[in-house]
Amino acid sequence: MAASGLSIMGSLPDASLFSFPPSGELAPLPPAPTPLSIMRPFNIPGNIFAAALDPRVPLTIATLYAVSAKALNKYNRSRNKQPWAISQTRPFAVFVVLHNVFLAVYSAWTFWGMLGGMRRSIVNPMGPGGPAATADSFCRLHGPAGLGSSIYFNETSAQWTSADPAALAAGMDAGSPSSTQMGRIWNEGLAYYGWIFYLSKFYEVLDTFIILAKGKFSSTLQTYHHAGAMMCMWAGMRYMSAPIWMFVLVNSFIHALMYTYYTLTAFSIKIPMGIKRTLTTMQITQFLVGASYAMAHSFVTYIAPVTVTSVTSASVDPPAAPADSVMPTASGALDSLRKFIFGTVAKDTAAAVAATGSVKEATITTETTYVAQPCIGTSSETFAIWLNVLYLAPLTYLFVSFFIASYVKRSNAAQKMKGKANRRESNVTLAEKAGWDAARGVEREVYGGENMVNGHANGHVNGHVNVSTSAIIEDEHTPKKANGRTKRRA
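Numbering-wise (UniProt numbering), the sequence shown opens with residue 1 and increments by one.
Among the clues, some could well be false.
Claimed, not checked - Below 35 Å or equal to it, Euclidean Cα-Cα: the simulated DSBU-like pairs (lysine-lysine) are:
#  : residue 1 : residue 2
1  : Lys433    : Lys416
2  : Lys433    : Lys216
3  : Lys409    : Lys216
4  : Lys74     : Lys276
5  : Lys216    : Lys81
6  : Lys276    : Lys81
7  : Lys433    : Lys276
8  : Lys433    : Lys270
9  : Lys433    : Lys81
10 : Lys276    : Lys70
11 : Lys416    : Lys74
12 : Lys81     : Lys70
13 : Lys270    : Lys216
14 : Lys416    : Lys70
15 : Lys409    : Lys433
16 : Lys270    : Lys409
17 : Lys81     : Lys270
18 : Lys70     : Lys216
19 : Lys216    : Lys74
20 : Lys276    : Lys409
21 : Lys81     : Lys416
22 : Lys74     : Lys409
23 : Lys416    : Lys276
24 : Lys276    : Lys216
What the hints assert, rightly or not - What follows is a list of derived Cβ distance ranges for each label pair:
#  : residue 1 : residue 2 : range
25 : Ser78     : Thr161    : 55 to 63 Å
26 : Pro41     : Ala85     : 31 to 39 Å
27 : Phe18     : Thr281    : 48 to 56 Å
28 : Met273    : Met126    : 54 to 62 Å
In case anyone wonders, no lab produced these hints; they're calculated from the structure. Since this is a predicted model, take the numbers as computed values, not measurements. Glycine included, each C-beta is placed from N, C-alpha and C at the ideal position.
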């Protein structure tokens, strides 16, 4: 890549990409039918794939969910937060456990399917193409594999195109990228697992209704989280925006762990506090890292070498004919024989060539050019990216607010212990504990996790459901004095 300079560079996105509403010309491409297997238990018909990505679907469901959650909060307040009668029954407790088991298994299945697709699609930065090939495999979702071979949508011409004409010819089918062309993220799994994951966001709102049935309140942030997740997954899949793979892969992994934790805790299985802390940290980290990663796509350009083969023709002077005076008898005999076999055509052709004085000779030439390719090239992809960034901004703000409040509180407490230097905490320790406090605060607001452990306050599933919550589990690891203050560990 020496001839091309830097293989990856930062750049400002074109202002035309930030247009609203986004162009609707780019239709979502459904996954190709494949033989059924445990990782592909069914195929998705193209009409159903497109219908589910109609914007009216997530908008309607998100609106109904938000209005229902608000109304049921008001209902619970009017009843002084008394649990609903159904939440005191065994079927409800069984349903909650099965709900957690289903989401744990489904999330693990999605993660495994997406992980395989990413492994087949992402190029090693240490390979021949270098970091530019890796960027190309992350940024471009369609077309044959290989740096510079991607197929992307050109909003100016409203057509699919490619920097490599050969790749465009090989990777197109009926005016759109072929759904059977393997090697890039979309066809390798994102189209299939991402679409189902988008639908799962509608099912996950049952978390909220389980909490409400127990007489609890659903926080505004939890409602925002579920409704926003629907819209963000819709935008990422509808407009085939590159960063949406991270939402599917990482979020499914964390959900697999989270719902497994809820299930195990419900059956009185002790979970080490370190695992709980790690899970909470991962839940919050996905917000911070996800927003940064998605946003970075708008500021990345990479250089792709493209080799073009062309055929040119050139005029070449024919070899000089022998003089008539040389061997006249033999020449005359040959002419007579030629006329006898071929007729007069050969003579006429030779005469035509002699008249022009030259012949056409084909020459094959190859030329390698270096093309700058922005990671994101359409306004629709840009819309999906920044919708996700804006969605994650309040969650990030909440984490920072909790962190500052906890840090200030702990710092003030440390200052009051001025004379006890051996008990004073360093700034690093204060920051670590404040970060943990902030993570727990966001987790409570967004996930309401302690309410997902069991069906009801006094219920059982086969007599083994634990009534403890994640908050109680944490308290078990924190010994307290009779006056309620936390004991200092030895």
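Outcome of the hint check:
The hinted pair formed by lysine 433 and lysine 416 meets the criterion: a straight-line CA distance of about 18 Å does not exceed 35 Å. A hinted pair counts as satisfied when its Cα atoms are at most 35 Å apart, and lysine 433 with lysine 216 qualifies at roughly 28 Å. As the CA atoms of lysine 409 and lysine 216 are separated by approximately 28 Å, the hinted pair is consistent with the 35 Å bound. Taking the CA atoms of lysine 74 and lysine 276, the gap is about 32 Å. The hint holds against a cut of 35 Å.
Distance check on the hinted pair: lysine 216 and lysine 81 sit about 6 Å apart at the alpha-carbon level, within 35 Å; holds. Our distance criterion of 35 Å between C-alpha atoms is met by lysine 276 and lysine 81, whose separation comes to about 28 Å. Of the supplied pair hints, the one linking lysine 433 and lysine 276 holds, its CA atoms being roughly 15 Å apart against a limit of 35 Å. Between lysine 433 and lysine 270, the direct Cα distance comes to roughly 23 Å. Compliance with the 35 Å bound is thereby established for this hinted pair.
Between lysine 433 and lysine 81, the direct Cα distance comes to roughly 32 Å. Compliance with the 35 Å bound is thereby established for this hinted pair. Taking the CA atoms of lysine 276 and lysine 70, the gap is near 30 Å; set against the 35 Å cutoff, the hint holds. In summary, the hint linking lysine 416 to lysine 74 is not supported, as the alpha carbons are separated by about 42 Å, beyond the 35 Å threshold. In summary, the hint linking lysine 81 to lysine 70 is supported, as the alpha carbons are separated by about 14 Å, within the 35 Å threshold.
This hinted pair checks out: lysine 270 and lysine 216 have alpha carbons roughly 25 Å apart, not beyond 35 Å. Pair hint lysine 416 plus lysine 70 does not hold up; C-alpha atoms about 43 Å apart against a cutoff of 35 Å. Annotation: proposed proximity of lysine 409 to lysine 433 holds, straight-line Cα distance about 11 Å (limit 35 Å). Proximity of lysine 270 to lysine 409 is assessed by CA-CA distance (about 31 Å); at most 35 Å being required, the pair is judged to hold.
The straight-line distance between the Cα atoms of lysine 81 and lysine 270 is roughly 29 Å, inside the 35 Å bound, and the hint therefore holds. Annotation: proposed proximity of lysine 70 to lysine 216 holds, straight-line Cα distance about 12 Å (limit 35 Å). Taking the CA atoms of lysine 216 and lysine 74, the gap is about 11 Å. The hint holds against a cut of 35 Å. Proposed proximity of lysine 276 and lysine 409 is supported: the alpha carbons are some 24 Å apart, at most 35 Å.
Pair hint lysine 81 plus lysine 416 does not hold up; C-alpha atoms about 39 Å apart against a cutoff of 35 Å. Taken as a hint, the lysine 74 and lysine 409 pair is honoured in the structure, with Cα atoms around 33 Å apart against an allowance of 35 Å. Of the pairs offered as hints, the one joining lysine 416 and lysine 276 holds, with about 31 Å between alpha carbons and a cut-off of 35 Å not exceeded. For the suggested pair lysine 276 and lysine 216, the alpha carbons sit about 23 Å apart, so the restraint of at most 35 Å is met.
At about 60 Å, the beta-carbon gap between serine 78 and threonine 161 stays in the expected band of 55 to 63 Å. Checking the proposed 31 to 39 Å range against proline 41 and alanine 85 shows it holds: the Cβ atoms sit about 37 Å from each other. The supplied range of 48 to 56 Å is broken by phenylalanine 18 and threonine 281, whose beta-carbon atoms lie about 34 Å from each other. Take methionine 273 and methionine 126: their Cβ atoms lie about 39 Å apart, and the range 54 to 62 Å is violated.
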